[in-house]
Amino acid sequence: MIGNNTLFIGGVSLLLAAMLHTEAAACRECGCYNSGYRSNQRWGWYGARKSVPSAEEARRDLTDYYADSGAKIGKITDKSGYYEAEILDKDKKLIDRVIIHKKSGRIRSIL
806 MIGNNTLFIG GVSLLLAAML HTEAAACREC GCYNSGYRSN QRWGWYGARK
856 SVPSAEEARR DLTDYYADSG AKIGKITDKS GYYEAEILDK DKKLIDRVII
906 HKKSGRIRSI L
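Counted the way our numbering counts, the sequence shown spans residues 806 to 916.
Calculated from the structure, these hints are not laboratory results.
Mixed in with the good hints, there may be bad ones.
Here are the in silico distance ranges between beta carbons for each label pair [unchecked claim]:
#, residue 1, residue 2, range
1, ASP896, ALA822, 49 to 59 Å
2, ILE915, PHE813, 44 to 54 Å
3, ASP869, VAL817, 33 to 43 Å
4, GLU861, LYS898, 18 to 28 Å
5, GLU861, ASP896, 19 to 29 Å
6, SER859, LYS898, 23 to 33 Å
7, GLY875, LYS908, 26 to 36 Å
A virtual CB, placed ideally from N, CA and C, is assigned to each residue, including glycine.
Working from the sequences, and respecting the hints, build out all of it.
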């Protein structure tokens, strides 16, 4: 009986892994990438981690992220585990302050 349960659990695990892989592949193909990741080759599938090793890389990623909004990237400050950036409107007024994590590339508003 224990062998059958183990076989069943193993089969279900393989099925779930295949379904998740197929969903991620489909998302990469269509370019939607869901949620906070932009639909370009540098961002990857939803939940993908992407390290941001420098302030220049953070500026490029943030510029891509805000490209459709017309916002500009202001001063970027290097902190211990993240970069802090000012997001400016066309008149160079502060509209948001965000952090972009160095290890994951996740962007989050802190204003």
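Would you say the C-beta atoms of GLU861 and ASP896 sit inside 19 to 29 Å of each other?
-> 25 Å, holds
Taking the beta carbons of ASP869 and VAL817, is their distance inside 33 to 43 Å?
-> At 39 Å between Cβs, range holds.
Return holds or violated for the Cβ distance of ILE915 and PHE813 against the range 44 to 54 Å.
-> Given about 47 Å between the Cβ atoms, the range holds.
Note whether the CB distance of GLU861 and LYS898 lies within 18 to 28 Å or breaks it.
-> 24 Å, holds
Just tell me: holds or violated, for the beta carbon distance of GLY875 and LYS908 against 26 to 36 Å?
-> Holds - the Cβ-Cβ distance for GLY875 and LYS908, about 29 Å, lies within 26 to 36 Å.
Taking the beta carbons of SER859 and LYS898, is their distance inside 23 to 33 Å?
-> 27 Å, holds
Between ASP896 and ALA822, does the C-beta distance stay in 49 to 59 Å?
-> 50 Å, holds
When the structure is compared with the earlier hints, no violation turns up for any of them.
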